[in-house]
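Undergrad: Residue 62 is where the sequence shown starts when you use the working numbering, and the numbers rise one by one after that.
Honestly, the hints are just simulated from the structure, not real lab data. Check the hints yourself; a few may be wrong.
Claimed, not checked - For each label pair, taking beta carbons as the anchor points, the in silico distance ranges come out as:
1. Pro156 to Leu123: 27 to 37 Å
2. Ala160 to Pro140: 16 to 26 Å
3. Glu151 to Leu171: 19 to 29 Å
4. Asp120 to Pro140: 16 to 26 Å
5. Gly158 to Arg121: 17 to 27 Å
6. Ala170 to Gln150: 36 to 46 Å
7. Ala161 to Val136: 13 to 23 Å
8. Phe81 to Gln163: 39 to 49 Å
Computed from a prediction, not measured in an experiment: that's the story for all the values here. C-beta atoms are modelled at their ideal positions from N, C-alpha and C, and glycine is treated no differently.
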Amino acid sequence: MRTVARLFGPVFILAGVNHFVNPRFYLRIMPPWLPAHEAMNAASGAAEILGGGALMCSDRRLRRLGGWLSLLTLVGVFPANVHMARHPQEFPEIPGGAAALQARLPLQALFIAWAVAAMRR
């Protein structure tokens with residue numbers, strides 16, 4: 062199992078669990094134009110948990126599936142990241158404020174690269 066998958070898997074699982082532990086935060090960061098916030102929160106949380114778990118599997122096919130699921134989830138939640146970056150005043154509890162929220166956008170590309178790397182080998 063690759064090191065990146067071992068590291069990325071638990072992080073993704075914890076993030077997914079947090080969707081169910083702290084749903085109010087995730088519902089708040091979704092852009093208003095997105096429908097069915099509660100269902101999307103549950104789906105993205107479940108996808109993060111399943112993807113993270115699959116990334117940690119020794120079976121290459123499951124790890125690859127986990128990488129794809131993680132990649133698609135990261136792309137799917139990107140509108141929430143953009144919404145936060147465009148409206149930093151709505152998220153004063155985020156350390157670093159507007160700069161941190163804007164810096165998070167290019168970091169998504171790094172997370173996607175990690176998901177792709179975890180699929181290999």
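Undergrad: State for each hint whether it applies.
TA: These are the hints, each one checked on the structure:
1. Pro156 to Leu123: 27 to 37 Å: Holds, since Pro156 and Leu123 (Cβ atoms, about 35 Å apart) stay within the stated range.
2. Ala160 to Pro140: 16 to 26 Å: 20 Å Cβ-Cβ, so the 16 to 26 Å window holds.
3. Glu151 to Leu171: 19 to 29 Å: holds (25 Å)
4. Asp120 to Pro140: 16 to 26 Å: violated (32 Å)
5. Gly158 to Arg121: 17 to 27 Å: violated (42 Å)
6. Ala170 to Gln150: 36 to 46 Å: For Gln150 against Ala170, whose Cβ atoms are near 25 Å apart, the range 36 to 46 Å is violated.
7. Ala161 to Val136: 13 to 23 Å: holds (21 Å)
8. Phe81 to Gln163: 39 to 49 Å: Since the Cβ atoms of Phe81 and Gln163 sit about 28 Å apart, the hinted range of 39 to 49 Å is violated.
In this structure, the hints that do not hold are numbers 4, 5, 6, 8, in rising order.
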